[in-house]
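For the record, the sequence lines run as chains E and Y. Note that the working numbering has the first sequence beginning at 40, numbered continuously upward. Note that the working numbering has the second sequence beginning at 256, numbered continuously upward.
These aren't lab readings, by the way, just hints derived from the structure by calculation. Quick caveat: nothing in here was measured; it's all calculated off a predicted structure. Hints should not be assumed to be uniformly reliable.
Simulated restraints on C-beta separations [to be verified]:
hint, chain 1, residue 1, chain 2, residue 2, range
1, Y, Ala708, E, Ala390, 30 to 36 angstroms
2, E, Gly149, Y, Met258, 35 to 41 angstroms
3, E, Phe257, Y, Glu575, 35 to 41 angstroms
4, E, Tyr404, Y, Ala708, 53 to 59 angstroms
5, E, Arg161, Y, Ala293, 23 to 29 angstroms
6, E, Asp236, Y, Lys653, 43 to 49 angstroms
7, E, Lys424, Y, Glu575, 54 to 60 angstroms
8, Y, Phe646, E, Glu385, 58 to 64 angstroms
Some chain E residues flagged as far from chain Y (calculated, every beta-carbon gap over 10 angstroms) [as the list claims (entries may be wrong)]:
hint, residue
9, Ile53
10, Thr142
11, Lys424
A virtual CB, placed ideally from N, CA and C, is assigned to each residue, including glycine.
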Amino acid sequence: MGCSVIQKERSGIINPIFNCQPAGAQYAGIGVKDCIPLVHGGQGCSMFVRLLFAQHFKENFDIASSSLHEEAAVFGGIKRLDLGIATMVERYPDLRVIPIITTCSTETIGDDIEGAIRKAQRTLKAKYPDRVVHLVPVHTPSYTGSAVSGYNVAIQSLITTIAKKTEPNGKLNVFTGWVNPGDITELKHYLSEMGVDSTVLLDIESFDSPMMPNKDSFTSGNTTVEDIESTANATASIALSRYEGYSAAQVLEKKFDVPAVITPTPIGIRNTDIMLQQIQQITGKQIPESLVRERGIALDALADLAHMFFADKKVAIYGNPDLVIALAEFCREVELKPVLLLLGDENGGYAKDPRILQLQESVDYDMEIVCNADLWELESRIKEKKIDLDLILGHSKGRYIAIDANIPMVRVGFPTFDRAGIYRNPVMGYKGAMWLGETIANTLFAHMEFNKDREWLLNTW
Amino acid sequence: MPMKLLDCDAGIPEREQHVYIKEAGEDTTKFLPISNSATIPGSLSERGCAFCGAKLVIGGVLKDTIQMIHGPFGCSYDTWHTKRYPSDNDNFQLKYAWSTNVKEKNVVFGAEKLLKKSILEAFDAMPTIKRMFVYTTCSTALIGDDPKAVAKAVMAERPDVDIFVVECPGFAGVSQSKGHHVLNMGWIHEKVGQVEPEITSEYTINFIGDYNIQGDTDVLQRYWHKLGIQVLAHFTGNATYDELRGMHRAQLNVVNCARSAGYIANELQKQYGIPRLDIDSWGFSYMASGLRKVGDFFGIQDKVEALIAEEEAKWKPQMEWYKERLQGKKMAIWTGGPRLWHWTRAVEDDLGVQVVAMASKFGHQEDFEKVIARGREGTVYIDDGNELEFFEVIDMVKPDVIFTGPRVGELVKKLHIPYVNGHAYHNGPYMGFEGFVNLARDMYNAVNSPLWALAGQNIQGEVL
């Protein structure tokens with residue numbers, strides 16, 4: 040009995056849990072306003088990632104490529120990079136930030152990105168004396184880490200390159216990690232209720248963008264250059280995700296003495312409680328009655344579900360590590376039993392993550408945490424009947440596991456392209472806990488009905 | 256001037272040679288946009304990479320084959336869940352993505368051992384599967400691995416498996432097109448002729464350049480079946496690896512997508528003397544004429560006429576209903592390349608729809624010759640179009656509907672212009688007679704959605 044942390048034994052991957060580093064860096068890049076990431080590599084490295092973002096958000100995002108062709112692979116790609124920067128600055132007059140995102144090809148070739156940036160800045164200054172375009176080096180070879188670390192590297196580099204100490208602004212930096220627009224809305228709501236002046240990084244609430252009568256609404260991130268610059272002047276930073284953005288908060292602490300606080304990813308009631316109390320502690324602003332009420336509404340909803348429908352149901356969870364760990368903690372609150380957690384990259388630090396240590400101390404049934412995992416770790420356990428699941432929590436890339444094994448599945452994380460509008464809902468905060476609980480319940484109910492499995496239970500509820 | 260420098264291209268004037276507007280009395284001996292040439296970095300081109308052309312377009316369609324991507328896992332992740340090509344094999348080809356998971360140490364010290372281990376693991380994990388494609392990617396091509404030697408070693412150890420290696424890194428060529436070529440040529444040289452197909456009909460063909468998008472292959476297969484024609488290999492819709500090894504025994508190669516698969520048809524002609532017959536499988540009149548050509552070849556004209564009559568009787572009334580309502584609508588086609596020339600005349604003849612702008616990602620000179628010959632005067636023809644050009648062209652030609660990919664579809668939605676998925680279709684299949692009715696229906700529904708009128712109304716200003 041208890042929770043064991045193991046490693047995938049195969050060296051190859053069958054069905055990866057997430058994309059490679061440059062994809063994560065691109066996700067961070069599109070969160071910045073007046074910014075077009077430039078992916079330095081083959082065209083597929085950006086074309087597919089743009090498609091992936093479009094699949095998830097049902098929106099278009101601008102990402103450029105240096106279009107590496109053969110001669111660049113042989114002689115180096117700096118010329119392509121120079122041309123790319125020049126073309127973008129010329130054709131997009133509002134452009135203010137270009138994250139230059141490397142890939143496995145350009146890292147293997149060994150292009151000198153920093154040198155190229157210095158040279159390009161001199162050229163730009165001469166040609167556009169009144170414009171400042173930040174060129175941000177983002178080293179994300181695909182053979183290291185994953186999209187998760189790529190997001191982290193990019194946001195850290197944005198901060199390192201752009202943040203600038205001037206006057207204290209009294210604000211709180213909130214590093215959200217890789218979340219959805221619905222989460223940002225919820226987090227902003229809390230900060231507003233508490234009267235906390237904040238900078239949300241990255242503010243991607245606008246990824247859920249409208250069609251407007253005058254046809255002028257296009258989708259982009261909402262974090263401005265000024266927002267990033269002023270992170271150096273904040274009172275403190277709070278990071279909601281250990282692996283996606285915390286290191287950027289640490290850069291601010293080291294470079295500009297802005298204290299960095301890490302909080303458990305605020306999914307579930309207790310984790311949200313801790314986040315709000317930490318914000319209260321940092322800012323001195325009280326948690327208002329309105330949030331106590333919202334918390335109560337969520338608890339009231341979950342109490343209707345937990346021991347009647349959720350208790351002892353076995354759950355497998357996969358996705359970004361902070362999300363998976365926090366979802367497992369949420370499951371434990373509502374009496375669901377997470378029995379298998381898949382953490383999909385080679386990060387060696389998971390076994391020391393305090394939240395995983397806590398799970399290891401407290402779990403009183405068999406639970407496996409697989410590091411460096413792929414989705415075959417889940418599928419093969421189901422096929423070999425090593426695991427008996429009532430529910431899968433994960434993103435759309437695992438859809439066929441659930442479909443073929445006839446296991447109810449709730450889409451959560453990234454990407455969730457096979458369900459409508461998932462990104463609009465929060466999983467964070469009290470409302471997120473309620474949405475998760477109710478979506479899980481409704482998914483289980485629909486499954487009972489379509490499979491004629493005690494569907495009569497719901498004849499009266 | 257027929258070649259057009261768009262305003263947005265002022266800073267990249269070389270783009271003038273890629274944008275053409277057809278004028279009265281002109282033909283392509285006078286003007287032809289440059290195509291299949293290097294992309295301008297930072298232009299926000301729509302192009303993908305050569306690896307994509309090999310794996311996603313052609314190889315990944317095979318329903319019984321492991322697709323081992325030798326590289327970091329992103330290339331595998333990215334070419335998974337991006338296509339709508341079902342199979343009658345429980346969609347094995349849609350469900351899995353394999354990667355050798357190359358890490359930094361492999362880039363430094365070589366990745367051949369890792370490749371071998373991953374190949375064996377994949378076969379062990381899926382013991383009923385005995386066929387595999389291995390693809391190199393940017394990183395494994397740069398470090399100079401010899402994947403063919405690894406494949407050979409595995410095949411020597413395990414005689415029941417067969418492996419085909421595609422050496423096609425993303426930086427090869429200028430677009431997806433390079434990948435089509437590499438896969439075609441590799442396959443004909445290394446695999447065709449290895450399996451003897453069982454011949455069950457006096458008429459045999461290969462059907463080349465159809466990838467069973469939303470069941471296209473099924474529609475055409477019903478026609479071939481009715482005509483008593485045995486298709487030895489579909490290249491590659493709903494096909495198996497071994498079917499493609501027996502392509503050399505067909506009497507005729509019928510080619511739909513000449514861009515992605517014309518190469519193998521030419522090689523089959525050269526090496527085995529099998530004639531190549533190009534047809535268009537989209538559109539009523541094209542499909543009928545394609546079937547007639549096949550019928551002429553085999554001397555089965557009666558059967559073909561009966562089939563066409565039956566299909567037209569069944570589908571023409573519906574087509575006419577849509578034609579009455581779509582007549583005069585303006586359409587743009589922004590896809591890979593060949594669908595421009597497959598569709599432009601077909602929608603005009605069958606539906607009275609005018610194609611007013613076309614952009615190709617990876618078409619070659621011969622594609623532009625065909626499309627400009629078939630296309631209208633005043634229409635804008637673009638090679639390797641980019642986002643700012645699309646905006647400008649939309650202003651110029653004001654299309655009612657755009658056939659393009661889902662991401663660009665999301666972009667034009669903000670301009671209140673409906674899109675229909677020109678790659679994976681909205682609700683296909685689109686090939687054959689019934690398929691073109693599906694296309695017409697999707698176009699009609701897109702153009703006539705009540706949402707567009709609502710989107711244009713400003714509730715602050717107008718009294719409703």
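Hint by hint, here is what the structure shows:
Range check, Ala708/Y to Ala390/E: about 58 angstroms between beta-carbon atoms, so the 30 to 36 angstroms window is missed. A hinted range of 35 to 41 angstroms holds for the C-beta pair Gly149/E and Met258/Y, which are about 40 angstroms apart. Checked against the hint of 35 to 41 angstroms, the C-beta distance between Phe257/E and Glu575/Y comes to roughly 39 angstroms, which is consistent with it. Restraint check, Tyr404/E to Ala708/Y: a C-beta distance of roughly 57 angstroms satisfies the suggested window 53 to 59 angstroms.
Range check, Arg161/E to Ala293/Y: about 26 angstroms between beta-carbon atoms, so the 23 to 29 angstroms window is met. Between Asp236/E and Lys653/Y, the C-beta spacing of about 46 angstroms keeps the proposed range 43 to 49 angstroms intact. For the pair Lys424/E and Glu575/Y, the beta carbons lie near 56 angstroms from each other, so the given range of 54 to 60 angstroms is met. About 42 angstroms separates the C-beta atoms of Phe646/Y and Glu385/E, a value inconsistent with the hinted range of 58 to 64 angstroms.
Annotated as non-interface, Ile53/E brings its C-beta within 10 angstroms of a C-beta of chain Y; the closest such distance is 6 angstroms. For Thr142/E, the shortest C-beta to C-beta distance to chain Y comes to about 7 angstroms, within the 10 angstroms cut-off, and the non-interface label is violated. With a closest Cβ-Cβ approach of about 16 angstroms to chain Y, Lys424/E is found to remain outside the 10 angstroms limit, as its non-interface label requires.
In this structure, the earlier hints numbered 1, 8, 9 and 10 are contradicted, and the remaining ones agree with it.
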